[in-house]
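There are 2 protein chains.
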Amino acid sequence: MEAKEVLKQHIAKTASLTDEQFDYFFSCFKQQSYKKGQTIIGEGDRVECEYFVLDGCLKSFYINDDMKMFILQFAMPTWWASDYNALYSGAKATISIDCITNAEVLCLTNADREKLCSELHQVEHFFRWRTNKGYVATQKRLLSLMNNDARHRYEALMEQYPALYNLVPKHLIAAYLGVSRETLSRLYNS
Amino acid sequence: MEAKEVLKQHIAKTASLTDEQFDYFFSCFKQQSYKKGQTIIGEGDRVECEYFVLDGCLKSFYINDDMKMFILQFAMPTWWASDYNALYSGAKATISIDCITNAEVLCLTNADREKLCSELHQVEHFFRWRTNKGYVATQKRLLSLMNNDARHRYEALMEQYPALYNLVPKHLIAAYLGVSRETLSRLYNS
DNA sequence: GGAACTACGTGATGTGCATCACATTTTTCA
DNA sequence: TGAAAAATGTGATGCACATCACGTAGTTCC
Numbered sequence: 001m002e003a004k005e006v007l008k009q010h011i012a013k014t015a016s017l018t019d020e021q022f023d024y025f026f027s028c029f030k031q032q033s034y035k036k037g038q039t040i041i042g043e044g045d046r047v048e049c050e051y052f053v054l055d056g057c058l059k060s061f062y063i064n065d066d067m068k069m070f071i072l073q074f075a076m077p078t079w080w081a082s083d084y085n086a087l088y089s090g091a092k093a094t095i096s097i098d099c100i101t102n103a104e105v106l107c108l109t110n111a112d113r114e115k116l117c118s119e120l121h122q123v124e125h126f127f128r129w130r131t132n133k134g135y136v137a138t139q140k141r142l143l144s145l146m147n148n149d150a151r152h153r154y155e156a157l158m159e160q161y162p163a164l165y166n167l168v169p170k171h172l173i174a175a176y177l178g179v180s181r182e183t184l185s186r187l188y189n190s
Numbered sequence: 001m002e003a004k005e006v007l008k009q010h011i012a013k014t015a016s017l018t019d020e021q022f023d024y025f026f027s028c029f030k031q032q033s034y035k036k037g038q039t040i041i042g043e044g045d046r047v048e049c050e051y052f053v054l055d056g057c058l059k060s061f062y063i064n065d066d067m068k069m070f071i072l073q074f075a076m077p078t079w080w081a082s083d084y085n086a087l088y089s090g091a092k093a094t095i096s097i098d099c100i101t102n103a104e105v106l107c108l109t110n111a112d113r114e115k116l117c118s119e120l121h122q123v124e125h126f127f128r129w130r131t132n133k134g135y136v137a138t139q140k141r142l143l144s145l146m147n148n149d150a151r152h153r154y155e156a157l158m159e160q161y162p163a164l165y166n167l168v169p170k171h172l173i174a175a176y177l178g179v180s181r182e183t184l185s186r187l188y189n190s
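Which chain is which? The protein sequence lines are G and R, in order. The UniProt record's numbering applies: residue 1 is where the first sequence begins, and numbers increase by one. The UniProt record's numbering applies: residue 1 is where the second sequence begins, and numbers increase by one.
There may be inaccurate statements among the hints.
[Stated by the list, open to error] Taking lysine-lysine pairs in the DSS-like style, the calculated list, with each CA pair at most 30 Å apart, reads:
hint, chain 1, residue 1, chain 2, residue 2
1, G, Lys140, R, Lys35
2, G, Lys13, R, Lys133
3, R, Lys92, G, Lys133
4, R, Lys133, G, Lys8
5, R, Lys140, G, Lys35
6, R, Lys30, R, Lys133
7, G, Lys4, G, Lys115
8, G, Lys13, G, Lys115
9, G, Lys30, G, Lys115
10, G, Lys8, G, Lys68
[To be verified] What follows is a list of derived Cβ distance ranges for each label pair:
hint, chain 1, residue 1, chain 2, residue 2, range
11, G, Pro169, R, Asn102, 50 to 56 Å
12, G, Glu159, R, Lys35, 40 to 46 Å
13, G, Glu5, R, Lys35, 54 to 60 Å
14, G, Asp66, R, Cys28, 46 to 52 Å
Keep in mind that the hints were calculated from the coordinates and are not lab data. The C-beta atom is built at its ideal place from N, Cα and C for all residues, glycine as well.
Construct the complete structure from the given sequences, taking the supplied hints into account.
Here it is, written out as C-alpha cells:
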C-alpha cells in the first residue's frame, strides 16, 4: 500500500479530514528510507521531527553512564516515535532512535505539526488522542515494572507482541524488559 | 484565590481563550470537597470525571492481588488526576484515587471534556499539551525505575518535590518509589 | 483519657536478579 | 568463503532489596 494510504487510514480512525485537508496534511510529511543499524536520532542531537513508521522496526532508547541501554519503545509500522521531550522543548536529545531493520518512515517536523494542529482542529484532535494512548500505555508499563517480576513481564510482552520474538535480538528484548540478557536467557530456557 | 482564577491562570499558560470562552469552559466544571481518606475513584467504578486539584493532595494508585499498593501519582494543586484508561475507554477503574489530605477539586466529565474539545479548538490544544507533558514525565519515571537504585530515586524525588517529605506518610513515598517501606526507612536513616 | 489503629524503626533471613567469566553459535561483510 | 563481530548459553558469585517478625511512638476517636 501507498505511504499516503497507510497514513490516511491510520488518521481516519480518530479524526475526520476532507480529502483536501488530508492532502495538505500529507504534504507536510517527507518520506525517508533507512538501513538496518542506521541512527535516526543520536544523543545530543537537535530533534526536528517525529517519525511515522511505514515499514521495518525502530527502537527508541536511553544509554546511561555505564553504557547500559534501556529501550523505551519498539516502533513497528503505524507507530510513531521521537524524543518527545527534546522535540517539544527544544532541548538536546537524551533518547536515541535507530533502525533494528531496514525501515521506511514519514518525517514530520515539530514546526509543521504545530502549524497543522493550529490550522486543522481535527489534526489537533488526532494528536491529542495519540498522545493519550501513549500516556496510558506508559503508565501501564510502569505499573508492570513495579508489580511483576522479569518472567511475568517477558511472558506478557511475548503474548502482546509475538512478532518481536523473531524480529529483534534477545538482548534488546532484555533491554526493554529491564533485565540483563543473561537473566532473560535463563528465563525462557526453563 | 478563587477556583475560577486558579483554573484560568493554569489554562492561560498553554491556551488563549476569550473571557466568554473561559466562562463557558469553567461552567462545565463542578467544584467538590473531600475529606482526608475519602475515596474519589474506587476499583471497579465507572469513571465519569477527571479532577483538577485546587487544594490538598490526592494519590492515584493500583493495588495488586497481594494487596500491595503502587502509587502512580501524588496530585497537588493545579495537577490533574483520573484513571485515564477507564475514563477514555469506558472500562471499569483499575486505578483508584483517594485523598491524602482534605481536598478541594474541580470535576470535569469525560463527555464535557470531549464536547469542549470539539467546540473550542484552544481547549483541545490545552489538553494535547497537558497529556504530552504527562507522557514525557511518565517515560522519564520509567527510565529512572529501570536505571537507578532505590536511593537515587528517593533522592531525586525529594529534590524535585521536597514538600512531599512532610506532607505524605513515608510508606506512601515507598509505594511511589517501588520499594518496601522497610527499605525506604533504612535508606534515609543512614 | 484510654483503646485501637496507623506510622515508623530495625534485626534476621531469603531471593531474584546483576555481574563476571568464558564457551558456542550465528551473522556480517570484505 | 573465511575471518571478525555480534548474539546467545551457562556456571559461579555477590548484592540490593523483599519479607518476616517484633518493638515503639504517634494519632484517632468514642
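- Item | Violated hints - listed by number, lowest first | 10
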